[in-house]
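Visitor: Please work from the sequences and hints to get the whole structure.
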Amino acid sequence: MNWREISDAAGIPLRGETARAVSGGSISTAYRVESSDAPVFIKLEPARNADRLEAEADGLAALAATATLRVPAVLACDLAGQESGTAFLIIEWISSGRSAGAAALLGSGLAALHGAQASNFGWHRDNYIGSTPQPNARTDSWAEFLREHRLGFQF
69 MNWREISDAA GIPLRGETAR AVSGGSISTA YRVESSDAPV FIKLEPARNA
119 DRLEAEADGL AALAATATLR VPAVLACDLA GQESGTAFLI IEWISSGRSA
169 GAAALLGSGL AALHGAQASN FGWHRDNYIG STPQPNARTD SWAEFLREHR
219 LGFQF
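Under this note's numbering, residues 69 to 223 are what the sequence shown spells out, in order.
Where hints are given, some of them may not hold.
Said to hold, decoys possible - Simulated restraints, written as ranges between beta carbons of each label pair: (1) P201 <-> P107: 19 to 25 Å; (2) P107 <-> F223: 39 to 45 Å; (3) G220 <-> S163: 37 to 43 Å; (4) A87 <-> A129: 22 to 28 Å; (5) F221 <-> G169: 33 to 39 Å; (6) G127 <-> Q185: 15 to 21 Å; (7) G169 <-> Y196: 30 to 36 Å; (8) S163 <-> A205: 36 to 42 Å.
Rather than coming from a laboratory, the hints here were simulated on the basis of the structure. Positions of the beta carbon are idealized from the N, C-alpha and C atoms, including for glycine.
Guide: Given below as structure tokens:
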């Protein structure tokens, strides 16, 4: 991995020698890397899959804008140099751990997030569930959206 290319493209001083693979997903390669300020979480994909990471960054920004849940800040999403042909997403590293009220706080945040009102159902762009495309054309009915763009699309 050419961490210098990613660091230069992102404009974030990364210390590549601190890169540690992070498990848990099966689609992207993921790392915890120290930057000059704090640790960051980096997802990598071949350049041809850059739209997956762009859609994820867009989704994280939309979730953060609701101010209902603690969402990692998107720090950079781009392509690294011609040499590596690598798409990357860099987000804030959030340390895991449990606190006495964490589950209740998450539940309250999810309830607030799902209480949001909108004039229709869908989103301004298509995205992905893993590597599977997820169409998000807007509809006036949640039942139609679910039938056509979630269940119907999967079958």
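Visitor: Next step is simple, just say for each hint if it's right about the structure.
Guide: Verification of the supplied hints:
Our hint of 19 to 25 Å for P201 and P107 is violated, since their Cβ atoms are close to 32 Å apart. Checking the proposed 39 to 45 Å range against P107 and F223 shows it holds: the Cβ atoms sit about 41 Å from each other. Look at G220 against S163: about 40 Å separates their beta carbons, and that is inside 37 to 43 Å. Checked against the given bound of 22 to 28 Å, the beta carbons of A87 and A129, roughly 25 Å apart, stay inside it.
For the hinted restraint 33 to 39 Å between F221 and G169, the CB-CB distance of approximately 38 Å keeps it satisfied. In this structure the hint that G127 and Q185 lie 15 to 21 Å apart at CB holds, the actual value being about 19 Å. Between G169 and Y196 the Cβ separation comes to about 33 Å, which falls inside the hinted range of 30 to 36 Å. The given range of 36 to 42 Å is respected by S163 and A205, whose C-beta atoms sit roughly 38 Å from each other.
Figure legend: structure checked against the earlier numbered hints; the only hint not met is number 1.
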